[in-house]
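As a plain string of letters, each chain reads:
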Amino acid sequence: MYDIGMTVFNGLAWAMATFLVAAGLTLIFGILHILNFAHGGFFMIGAYVSYSIMMAFGGSLPLWLYLVGAMASGIVVGLLGWAVDKLVFRRLRDVEDAYSLIATYALLLVCGGAVQLTWGLNYMGVMPPAALNTVVFVGDMFMPTFTIFIILSGIVAYIGLEFFISKTRTGRLIRVVAADPWMAQLLGLNVKKIYLITVIFSFAMAGAAGGLLMPNQSLSPELGGIFLLQAFGVVILGGMGSIRGAFYAALLLGLIESFGTYFFPQYPGIFFLLALAVILLLKPEGIMGKGQTA
Amino acid sequence: MGSTEHLLEVSGVNAFYGGSHVIQGASLTVAPGESVALLGRNGAGKSTLLKSLLDAGPRVEGEIRFGGQSLAGVRPDERTRKGLMLVPEDRRIYPDITVTENIELGAHASRDRDRIELAEIFELFPLLKPLKERAGYQMSGGQQQMVAVARGLMGAPRLLLLDEPVEGLAPVVVDEMTEHIARIRQTRSLALLIAEQNLSFARRCTERVLLIDSGRIVFDGTWDEFDADPDLKERYLAV
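Chains as they are written, first to last, in the numbering used here: chain C, 1 to 294; chain L, 295 to 533.
By construction, these hints were calculated from the structure, which means they are not laboratory data. Every value quoted in this text rests on a predicted model; they were computed, and no experiment measured them. Beta carbons are placed, not taken as given, at the ideal position from N, Cα and C, and that holds for glycine. Some clues are possibly wrong.
[As the list claims (entries may be wrong)] Cβ-to-Cβ under 8 Å is the rule here; a few derived chain L residues that face chain C:
(1) Val368
(2) Asp371
(3) Arg375
(4) Arg386
(5) Asp390
(6) Thr392
(7) Arg405
(8) Arg445
[Unchecked claim] Result set (DSS-like, lysine-lysine): computed pairs, CA atoms no more than 27 Å apart in a straight line:
(9) Lys527(L) to Lys167(C)
(10) Lys167(C) to Lys192(C)
(11) Lys376(L) to Lys192(C)
Isolated chain C (complex conformation) (with noise of 0.2 Å):
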C-alpha cells in the first residue's frame, strides 16, 4: 500500500508541476495556432525572476514573499508576452508552420543567452518556504507540504483555466476567435487584440509557474529545456490545443511516468516519452479528439 500511494503521489506531482507550464503552451497553440518552443525559455526566466526577488528580499524565503514573487513573475513574463506578440508573433500569422518552430526557438536561445547573461551560468538552488518545507503523514506514507501545494497549484490552475474559458466574457471571446478568426473580424472583433490578450495570459501562466516550482529545482540555463520536453508531451497527447486535455494527459503521462520509474528505478524519464510514443501511435489525434479548446 505505501509504495503504491507513493508512487501515485509522485505522479500527481509530475503531472501537475508539467501541467502548470503545458497549460499555457496548449492555449497559445489552440488560439494562434502557434507551436511556441519558446515556452519553457519564459518559464525559465520566470522561476529566475522570482530568485532574484527572494535575493533582494535578504535571501530567504517565507511563504508570503514565495507567493508574491511567483505572481511578480507571472507580471513581468506576461509583459514579456506582450513584447514578443508584438515583435514575433504578430508576424508569424499568416506564414507556414516551419517559420514558426524557426522563430519561436529562435526566441529559445535569446530566452537562454538573456538568463546567462544575466543570472550566469552556476545552478543555484532553493529550499522551499518554511511554512511548506514539512511532511505531512498519511498512514506510514510522507507526503512534503511543498508537493501537496504544487499539486493544489496545479488543480486549481486547471479549475481556474477552465471557469475563464467557458464562463466569462473575455473566455468566450477567445473561444469564438480560436474557431474562426476570420469570420470574428466580420462581427466587429479586434482579433489582434483577443491574439494579444492570449499571448499576455500564457505568458503569465508560465511565469508564474517558474515562480511556483522555482524552489526543489536546480535553476539553470538548462531548465527551459526540462520542462518544455514533458509540456510538448502533455500538449501533444492532450490534443493540441486542449487544456481539459493537457490536464488528463499531464495525470497519465506523471502516472506511467512515476510506476515505470518504482517498477525500473534504473530508467527515471524513459517512460513518459515510452507511453507518448505508444499513444500517439494508437491515437495520433491525442486523447481528447482535435479541435477543441477548453
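Starting from the known structure of chain C, fit chain L onto it as the hints suggest.
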C-alpha cells in the same frame, strides 16, 4: 449625383488572390436605404468583390468610400463598426455555441451606433424563436442562413452585404427569406447589396441590378432596364 449622397462608393477597385487578378477595375455605388442585386455566374467575382469591401481576404487596390469616408487602412473589424456587415456565403455559424450566442456576437459591430435589441431580431425571425438554445451545429442549412442574417443585423448595419443568401435552400425557405428581407427593410433603415444567382429571389428583394462578369461590372441599371435587354441574361447569366 454628388458623392455625399452615396453610402458606398467604389471606384476602380482591383482585387487579387496571389497572382490572379479577380476583380478588375470595379466601380459601383449604393445609396442609403437602397437594395441592389449583384448578379453573375459562379466564379464571376461576386464573393471576392464583397470580401474586398471589408478587406477580408484578397489584396485590394483602389478607392472604397463608405459614409463619405475613405476606408483605406481601416481594419475589417473597424469597417464593421462603421456599419458595413457581410454575411458570407458559407454562413460561418459557430457550431459550439447557441443560436442566441451566435446572434449576440454581431452586437460587437454595433458598438458605436443605434443598437438593435435581441427581442427585435427574434420578432424579425420568428422561426428562430424556438431554436434560441440550440447549438449551431444542430441546425439545417436554412436555419443557419437565417441565424447568419440575424447575426449580421445584430450589428445594426447601414449596409448589409449578403453573399448568396438562398443558395442551396428549398423553395419554401427561399420564400421565407424573401419575406424576412422585406420585413427587415420595412423596420430598419438599411441598404442591401445581395450577391445572387437566383434571379427571382433577387428580383423580389432589390430595385437595382449590377451584373458582374470575369471581375468586371458589365451592367448597372434597374430591373426594367435589365429586362429590356434579354441578351444580358443570355450572355452573363446563362450556364
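Against the structure, the hints:
Because the closest C-beta pair between Val368(L) and chain C is about 12 Å apart, greater than 8 Å, the hint is violated. Interface restraint check for Asp371(L): the shortest CB-CB distance to chain C comes to about 5 Å, inside 8 Å, so the restraint holds. With its C-beta approaching chain C no nearer than about 5 Å, Arg375(L) sits inside the 8 Å limit, and its interface hint holds. At a threshold of 8 Å, the smallest CB-CB gap from Arg386(L) to chain C is about 4 Å, leaving the interface hint in force.
The criterion of a C-beta within 8 Å of any C-beta in chain C is met by Asp390(L), whose closest approach is roughly 7 Å, and the hint holds. Because the beta carbon of Thr392(L) sits about 11 Å from the nearest beta carbon in chain C, more than 8 Å, this interface hint is broken. Given the 8 Å rule on beta carbons, the hint for Arg405(L) holds: about 7 Å separates it from the nearest Cβ of chain C. The interface hint given for Arg445(L) is met, as the beta carbon of that residue sits about 7 Å from the closest beta carbon of chain C, less than 8 Å.
About 53 Å separates the Cα atoms of Lys527(L) and Lys167(C), which puts this hinted pair outside 27 Å; it is violated. About 22 Å separates the Cα atoms of Lys167(C) and Lys192(C), which keeps this hinted pair within 27 Å; it holds. Distance restraint check for Lys376(L) and Lys192(C): the Cα-Cα separation of roughly 18 Å lies within the 27 Å cut-off, and the hinted pair is therefore satisfied.
The structure is inconsistent with the numbered hints 1, 6 and 9, although it conforms to all the rest.
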